[in-house]
Amino acid sequence: MKIKFFIIAFLIVFISPIAHGKITFVVWKAPPEVSIQVGATTVVTTVTHDLPASQVGDGTPITGTPDDVVIEASARPTGFIITVDSSTPLTNGTHTIPFTDISWTAKKGDLPSGRFNGSSTQVILQPNPSMQRVKDRFTFIYDNTRVVPYGTYTGSVTYTVSVP
Amino acid sequence: AAAGPAGTGASADLNFQIVIPSFIYFRVGSVSGVDTVDFQPTVNDVATGAVTNATSGGTVDVVLLSNAGQITIEEANDGGGTGLDDGGTNYIPWGQIVATPNSAGLDPPQLSDAGGNTSVIAVTSGNITAKSTQWIYVYNNPATPPASGTYTGTATYTASIP
Numbered sequence: 004m005k006i007k008f009f010i011i012a013f014l015i016v017f018i019s020p021i022a023h024g025k026i027t028f029v030v031w032k033a034p035p036e037v038s039i040q041v042g043a044t045t046v047v048t049t050v051t052h053d054l055p056a057s058q059v060g061d062g063t064p065i066t067g068t069p070d071d072v073v074i075e076a077s078a079r080p081t082g083f084i085i086t087v088d089s090s091t092p093l094t095n096g097t098h099t100i101p102f103t104d105i106s107w108t109a110k111k112g113d114l115p116s117g118r119f120n121g122s123s124t125q126v127i128l129q130p131n132p133s134m135q136r137v138k139d140r141f142t143f144i145y146d147n148t149r150v151v152p153y154g155t156y157t158g159s160v161t162y163t164v165s166v167p
Numbered sequence: 240a241a242a243g244p245a246g247t248g249a250s251a252d253l254n255f256q257i258v259i260p261s262f263i264y265f266r267v268g269s270v271s272g273v274d275t276v277d278f279q280p281t282v283n284d285v286a287t288g289a290v291t292n293a294t295s296g297g298t299v300d301v302v303l304l305s306n307a308g309q310i311t312i313e314e315a316n317d318g319g320g321t322g323l324d325d326g327g328t329n330y331i332p333w334g335q336i337v338a339t340p341n342s343a344g345l346d347p348p349q350l351s352d353a354g355g356n357t358s359v360i361a362v363t364s365g366n367i368t369a370k371s372t373q374w375i376y377v378y379n380n381p382a383t384p385p386a387s388g389t390y391t392g393t394a395t396y397t398a399s400i401p
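Chains F and A are the protein sequences, given in the same order.
FYI, the numbering for the first sequence is 4 to 167, going by the numbering used here.
FYI, the numbering for the second sequence is 240 to 401, going by the numbering used here.
Among the hints, a few may not be true.
[As the list claims (entries may be wrong)] Distance ranges between label pairs, derived from CB positions:
| # | chain 1 | residue 1 | chain 2 | residue 2 | range |
| --- | --- | --- | --- | --- | --- |
| 1 | F | Thr-155 | A | Ser-364 | 42 to 52 Å |
| 2 | F | Ala-56 | A | Gln-279 | 10 to 20 Å |
| 3 | A | Ser-269 | F | Arg-149 | 50 to 60 Å |
| 4 | F | Thr-155 | A | Asp-252 | 10 to 20 Å |
| 5 | F | Ala-56 | A | Asn-283 | 49 to 59 Å |
| 6 | A | Asn-356 | F | Ala-56 | 47 to 57 Å |
| 7 | A | Gln-349 | F | Thr-155 | 31 to 41 Å |
| 8 | A | Gly-272 | F | Thr-44 | 23 to 33 Å |
| 9 | A | Asp-300 | F | Arg-149 | 15 to 25 Å |
| 10 | F | Thr-124 | A | Thr-298 | 48 to 58 Å |
| 11 | A | Thr-311 | F | Thr-66 | 33 to 43 Å |
| 12 | F | Pro-101 | A | Thr-321 | 49 to 59 Å |
| 13 | A | Asn-356 | F | Thr-148 | 53 to 63 Å |
| 14 | A | Val-273 | F | Thr-44 | 33 to 43 Å |
[Unchecked claim] A few chain F residues facing chain A, derived, Cβ under 7 Å:
| # | residue |
| --- | --- |
| 15 | Ala-22 |
| 16 | Phe-28 |
| 17 | Ser-38 |
| 18 | Gln-40 |
| 19 | Val-47 |
| 20 | His-52 |
| 21 | Thr-91 |
| 22 | Thr-103 |
| 23 | Met-134 |
| 24 | Tyr-156 |
| 25 | Ser-165 |
| 26 | Pro-167 |
These are calculated hints, taken from the structure and not from any lab test.
Note that the Cβ used here is the ideal one computed from N, Cα and C, for glycine as well.
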């Protein structure tokens, strides 16, 4: 019986070894990412300027509805630029109204007020190295300084945020 | 809302809609009130069937502004088909009063007892009509002189989209 016990103990030593292994963890920095929201979060917002017949082309500015459009942009890490493409005019299928007839006022002033210039890369916000996020609310205004043919004119602008 | 890698960026659209209704602005004469064109033919005018210029109000400003396409101007009057009247049973046909524009493109329809004469105005550009002129009225004394008296009537011009 003594011999048996010895054999068993010897086997246990070889079957249950102790070993060490190393695992090295590397955490990469998150890739730069930008995000932008213009108007509603899930659908494309439509700003409507509805003119009374008595005011067509008389210079009375026409405020768009909704008059409170959210513009929010952010970047990781920081320092982003916002541009807008307003190069394709509004059209009723036959006649056009340029986006240069539309301006906006920014309610908070975190983004500048301005006017569409009809280009594809108009800078709305210059890069700021320390800025990670900006948010404001725009009210859009149609000049209404020209008599234009009747109809419903539609069009779109595209806001883009990127890191230069 | 959109997110994306910083290099390519992220974009979001904003739609715009401008609703322009159709309208016609048409003025014959003063901005407010109804103008009066007054003819006082001389005895010789009446006797010879001459043309009498207006004593007052004979040159009338006309303005037409519209974004609705081609415009037609139609004439009518309050004579009930009988012409200008002296308050009794004597009449002068509306056709004896003739208006001539002093610039082309905004011609008046000829006045008539029955009304309904029209003048089609060509657009200025596209669907836009923006024209102004003056209509100058004269009275053609009829060959058969009417009975003496003061004859009155009101003509109405209506601009509309055909």
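Hint-by-hint comparison with the structure:
no.: 1; hint: Thr-155/F x Ser-364/A: 42 to 52 Å; verdict: violated (20 Å)
no.: 2; hint: Ala-56/F x Gln-279/A: 10 to 20 Å; verdict: violated (41 Å)
no.: 3; hint: Ser-269/A x Arg-149/F: 50 to 60 Å; verdict: violated (27 Å)
no.: 4; hint: Thr-155/F x Asp-252/A: 10 to 20 Å; verdict: holds (18 Å)
no.: 5; hint: Ala-56/F x Asn-283/A: 49 to 59 Å; verdict: holds (51 Å)
no.: 6; hint: Asn-356/A x Ala-56/F: 47 to 57 Å; verdict: violated (28 Å)
no.: 7; hint: Gln-349/A x Thr-155/F: 31 to 41 Å; verdict: holds (39 Å)
no.: 8; hint: Gly-272/A x Thr-44/F: 23 to 33 Å; verdict: violated (57 Å)
no.: 9; hint: Asp-300/A x Arg-149/F: 15 to 25 Å; verdict: holds (23 Å)
no.: 10; hint: Thr-124/F x Thr-298/A: 48 to 58 Å; verdict: holds (56 Å)
no.: 11; hint: Thr-311/A x Thr-66/F: 33 to 43 Å; verdict: holds (36 Å)
no.: 12; hint: Pro-101/F x Thr-321/A: 49 to 59 Å; verdict: holds (55 Å)
no.: 13; hint: Asn-356/A x Thr-148/F: 53 to 63 Å; verdict: violated (37 Å)
no.: 14; hint: Val-273/A x Thr-44/F: 33 to 43 Å; verdict: violated (59 Å)
no.: 15; hint: Ala-22; verdict: violated (43 Å)
no.: 16; hint: Phe-28; verdict: violated (25 Å)
no.: 17; hint: Ser-38; verdict: holds (4 Å)
no.: 18; hint: Gln-40; verdict: holds (4 Å)
no.: 19; hint: Val-47; verdict: holds (5 Å)
no.: 20; hint: His-52; verdict: holds (5 Å)
no.: 21; hint: Thr-91; verdict: violated (11 Å)
no.: 22; hint: Thr-103; verdict: violated (12 Å)
no.: 23; hint: Met-134; verdict: violated (14 Å)
no.: 24; hint: Tyr-156; verdict: holds (4 Å)
no.: 25; hint: Ser-165; verdict: holds (3 Å)
no.: 26; hint: Pro-167; verdict: violated (9 Å)
Violated hints, listed in ascending order, are 1, 2, 3, 6, 8, 13, 14, 15, 16, 21, 22, 23, 26; each of the other numbered hints is respected by the structure.
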